[in-house]
Structure formats: C-alpha cells, structure tokens
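**Q** So the sequence lines, in the order shown, correspond to chains A and B. Plus 459 on top of the position in the first sequence (first one is 1) and you've got the working numbering. Plus 459 on top of the position in the second sequence (first one is 1) and you've got the working numbering.
Simulated from the structure, these hints should not be mistaken for lab results. Each hint should be verified, as a subset may be incorrect.
Cβ pair distances, simulated, as ranges [what the hints assert, rightly or not]: (1) A:SER717 / B:LEU780: 35 to 43 angstroms; (2) B:PRO563 / A:HIS764: 24 to 32 angstroms; (3) A:LYS752 / B:ASP562: 41 to 49 angstroms; (4) B:PHE695 / A:VAL471: 50 to 58 angstroms; (5) B:GLY487 / A:ALA756: 23 to 31 angstroms; (6) A:SER490 / B:GLU663: 47 to 55 angstroms; (7) A:SER717 / B:SER490: 45 to 53 angstroms; (8) A:ALA756 / B:ALA560: 40 to 48 angstroms; (9) B:ALA770 / A:GLU782: 24 to 32 angstroms; (10) A:ARG781 / B:ASN470: 39 to 47 angstroms; (11) B:ALA464 / A:LYS739: 40 to 48 angstroms; (12) B:ALA770 / A:ARG781: 27 to 35 angstroms; (13) A:THR660 / B:ARG777: 53 to 61 angstroms; (14) A:SER667 / B:PHE726: 38 to 46 angstroms.
We put the beta carbon where it would ideally sit given N, CA and C, even for glycine.
If you want the building blocks of each chain, they are given just below.
Number of protein chains: 2
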Amino acid sequence: MDLVAEIRQGNVRAIARAISLIEDLEPGAESLVDALYPDTGGSLVLGVTGSPGAGKSTLVDRLITLERRRGRKVAVIAVDPSSPFSGGAILGDRLRMQSHATDPGVFIRSMASRGFLGGVAAATGDVIKVLDSAGYQSIFIETIGVGQTEITIVELSDIVLLVLMPGAGDEIQAMKAGVMEIGDVFVINKRDLPGADKLRTEVEYVLSLKSPNPAAGRGIGPAGVAANPIVMTSAFHDEGMRQLQEAIDTYRTEGERSGWLAERRRFRLERELLGMLNRKVHELMDVHIEVSKQLPAWTDSLYRHEARPYALINEQIRKFLRERRSDREN
Amino acid sequence: MDLVAEIRQGNVRAIARAISLIEDLEPGAESLVDALYPDTGGSLVLGVTGSPGAGKSTLVDRLITLERRRGRKVAVIAVDPSSPFSGGAILGDRLRMQSHATDPGVFIRSMASRGFLGGVAAATGDVIKVLDSAGYQSIFIETIGVGQTEITIVELSDIVLLVLMPGAGDEIQAMKAGVMEIGDVFVINKRDLPGADKLRTEVEYVLSLKSPNPAAGRGIGPAGVAANPIVMTSAFHDEGMRQLQEAIDTYRTEGERSGWLAERRRFRLERELLGMLNRKVHELMDVHIEVSKQLPAWTDSLYRHEARPYALINEQIRKFLRERRSDREN
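Just chain A, same shape as in the assembly:
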C-alpha cells in the first residue's frame, strides 16, 4: 500500500516515515503533504506555552488522559530549539509522558531545530498536516525553550494555552513581558502554591485591559469570544483538569460559532504560505547569486570596511535580476 493510504488509515510507522521525510527535506515530502492536504482540517491544534517550570508537560499528560477517556486520538509535538543544554530537559519531559507510551492512540514526537527556527516552524506545519490527515483529533504543540518558539506556537495553533504558576518570577512580570497577548485559555497551574489567587486577580486585571479590537496584537483576536477563560489547576495532583478540558471545549465551540476559529486558521495558512515562499526564494537566490557560498566573502569585505552594506546588497539584487533574465537565453 502506498504511504498516503497508510497514513490515512493511521498507520503509525507510515506516519513516522512521513515525518522523517519532512524533517530531512526529502524530495518526496512536498507531494506527500499535498496529497494528504484534502484530508486535513479535522484536528484541533492546541499550543501549550508559558513560564518555564510551570508544569506544561504534566498538564499535557493529564489532558491526554482525559482526551483518551472520551476516545479521541491525541498527538504531541514537542518543538525544541536544539541546544547542548536542553537534552536533559527533553528527556525529562518525555519521561513524564511515558504513561502513554504504550497507547496506540497517542503519538508523541520531538522536533528539533538543527538549523534555523523558520525551518522548524515549516516542518512542524507539515507534520501537523500529516497527523491531521491520520485522524488525530487533538494535536498538542509544546515548546521547550526560549522565545522564538513561542511565536512559532502561536502561528501554528488553533487555541493557545498559556500556563502560568504562582511565584516571584511570574505574576506582574509575566504580563509586563507582553506574553499575555498570545494566550487564549489561561491556566494557573500549581494552584496549591502560595500566591495562586493573587496571580488570578492579576491575570484578570491584565485581561480586562485587553483591547476589544480584534485587530489588536497579532491581528487575530477572538472577536465574538466574550472572555479568555482562566482555569486554576494542579496538574501534579490531577486537580482542575476536567474544568480545563471543559474551558477548552467551550472556547472551541464559541470559536466555531463566531467564525473566530476559521479566521485564525486562515491566519495560520497565510503565515505558512509566506514561510514556504520565503524558503523557495532563498533556494533560488542560492542558485543564482550563491548566497550561502558568497556570504562569508561579502561579510569579510564589510568587516574590513572595503564595502558598504546597502551598496553591496543592492548590487547583489541587481545581479540576481540579471541572472534570472539571462536564463531565458539558455
């Protein structure tokens, strides 16, 4: 049977093979993704982000259990900007989810960024399509690591869970960091720690300041959704998890009703298309003006002050245009 048919039937080995093709940028990956594309659209993609140490992995682990209990297939993609330091962290996170290791209805995969982060985002977008077409109804994307991956998560998710915990490092600071904007459902985890109620009050306050304009922030605010739910949990003690699941369900239903979810999915597709276009153009530039090969020499001439930045770049752009033209004569 061919790979496309096997993936459609949910064959785990076929799925794993497809993911490897995507990660390794194999020539067949594009047509595979295109072939699976008509079957996509059935999954809910849940981004999970928030403070390091807030208990994201444990929370996802509990949500998997709840989703499995109502018969849904679940996939988890851990997006990890690979680092000499994070190896241990990944291992720890994976171990925490080991309770699901033998469940055929749960698929867990880490995506490491060996090269540039734009590459992970692209690969993750394609992997989501594979898992979507294979019938995983809930796909969690969890970040391990800093910064840029959080933005990646927002661009890939239908609903973003922002996980906070009480403590000195969070609270007002978290809000100051502007991270509040990216959340849809707010989770105050480790609710048994001191300061949990105070954190809730602060989150409520910051959310009350949130512009009602749906074009604010990232341009895809939840128009028609009354408010961002705040749920207090203790994933470790398995408390508040049903309420969290319900809050997600309600948020999704509201988003479907109001058209907000459709709007966000359009946004996701738009970002993906732009990313794909960028990568293709880079490939072209590499062919025609040998960017990767020439870059060190360009940098050197700038470093030695033998060139000036815009003059250099504008010359290369002109060369790129000429090369494209001369193609016609060949």
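Start from chain A and add chain B according to the hints.
**A** Same frame as chain A, but now just chain B:
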C-alpha cells in the same frame, strides 16, 4: 552642514533625525547608513536580556553612571515589540533612567516594532551604525518583551549580559529554557534576596556543562575565553556594579585578544546582510507576483481545500521567474 557631517560630530538632533529616517524607511536612509559606515566599529554593543522583573533597566542605569564617570558616551536602545499592554512598562523603564535625561553624553531611544520583528532588528542594526559613527563608545540594547526580541539582541550585540534573579520562576527553570546559551556575562541581580547563592551554584553548574566547542549553539561561542563570568549585584542598592563593569571590560579585552570579538562581529554582519537581502527580495516579489495583494486569495483557496499548499507556492515561484524574464522584453 549636511546630516552625515553633523552625525559624525555627535549632533544629537542630527542623530535623532537619522533614526527617524531609518524607522520611517525613508528613501535616503540607505545611503545615509552607507555614508556613515566607514566611521563605525568603535562602539561596544552590549545586549541586556534576562528574566522579566530581574531589574535590567536599573542595572543599565547604574552602568551608564559608571561609564559616564570614566568619560564614555553612552547610548541605550530599548527594543520593544509594541503591544497594547507594554505601554506602561516602557514608561516605567524610561522613568528609571531619567537621572541621565539631562546628560548630553547619554542618548536613550525606544524602538517599537510596528510591523514585523525582522523590521525592528534591521532598523536597530542601522541605528547602532548611526550611534557608532556618532562616537557613542558603549551602546546598550535592552529588550522589553518576549522571546523573539531576545534572539534579536543576540544577533546585534558584541557581548550579551544575561540578568537573572533569585526566585521560584528562575533558577533551574531559566536554564531549562535554554536561555543560558545566549549569555556572555551572567548577572545575578537582587543578590540580597534569598536563593542568590543557590542560583549562582546552579548557573555555575549549567555553565560547566557548556560545550567547549566554539561551533556549538549559535556558532559563535567564545573560543579562547576561559569562562563566562558570573557577577552578583544589587543594582537597586548600587552593589557589585564596579565588579560587573570590570567583568565586562575583562571579557572584552579577552575577546579582542583571542579574536573571538572579531568573530562575533563578522557573525553580526552576516546576519544583517541576510536580513537585508530578504527584505529586498520581498519587495521584488511584491512587485512581480503581488504577494501582499494576492496572499488573502491564495489563503482562501487553501482554506476551502481548492488548492494544495506546495502546488500553489511552486506555481507562484514559476510565475515569479517568468515575470523576471519578461522584464527583459520591456
């Protein structure tokens, strides 16, 4: 007198005007930056990043005082992904630096990202060149906000100060987040809080795991620099600040001696060149395949499953190539 000459003489109004030209993407900005470029290279660019609430602004404020005391001109660029929430935070940070507001040897400017973050990075890179050519010996870049700006800081800085504070949200979590890799000089601020010594021990441990391979991580590890200094400070109480200044001085001297600083500056230039090339190519694509105009329609056809992602993008790329060729006939 022309703008270039005025900037070279350190005229603050001319500098402010140049920055506005750059931020507003005025046509003259490119040639202005090119004209100033030969005078650049004398500044040390210090990126300041770390946990929100760790006291970065107060720390920079104290460092400005120390730098001024030895007669150095200082500039501060606060890079801020503008957000409906962060307005108050910026104001607070600026107020904390107000002690230097009347000092003509100190230039403070916020750069807001109205559009995409790549835009801020580009503009900030050009603003650094203006300030560098105007004779500011120390240029601090401070982030306000989340994630992606931290990466921006690393790509723009000679030396990155990573500011941590004791407390539940930091410690092991900070290291797990992989943020440790981006620091050169580690500052444990608020050293009077409980847990400061424990945090230091943890930082030392994580740094001891750091790969000695200079190509690890972001590819510009401090080869030849024995170790990343860790300095404990209380910026608020003005304690440990001289030690921090000395640690930065030593790190710089070592970096100059070993060639590591030159290596990092080459890396910075390389990233800048790539960013410039990208922006130019985007402008070209907008002209030839009207990306901005067509993107909503492409997205719609994908959303309705009337197209497939790679087929669509590959068709547009082919069209881009044809359009470039047909130019020749006009």
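**Q** Now look at each hint and say whether the structure bears it out.
**A** Results for each hint:
no.	hint	verdict
1	A:SER717 / B:LEU780: 35 to 43 angstroms	holds (42 angstroms)
2	B:PRO563 / A:HIS764: 24 to 32 angstroms	holds (28 angstroms)
3	A:LYS752 / B:ASP562: 41 to 49 angstroms	holds (47 angstroms)
4	B:PHE695 / A:VAL471: 50 to 58 angstroms	holds (55 angstroms)
5	B:GLY487 / A:ALA756: 23 to 31 angstroms	holds (28 angstroms)
6	A:SER490 / B:GLU663: 47 to 55 angstroms	holds (51 angstroms)
7	A:SER717 / B:SER490: 45 to 53 angstroms	holds (49 angstroms)
8	A:ALA756 / B:ALA560: 40 to 48 angstroms	holds (44 angstroms)
9	B:ALA770 / A:GLU782: 24 to 32 angstroms	holds (26 angstroms)
10	A:ARG781 / B:ASN470: 39 to 47 angstroms	holds (41 angstroms)
11	B:ALA464 / A:LYS739: 40 to 48 angstroms	holds (44 angstroms)
12	B:ALA770 / A:ARG781: 27 to 35 angstroms	holds (29 angstroms)
13	A:THR660 / B:ARG777: 53 to 61 angstroms	holds (56 angstroms)
14	A:SER667 / B:PHE726: 38 to 46 angstroms	holds (44 angstroms)
Every hint from the earlier list agrees with this structure, and none is contradicted.
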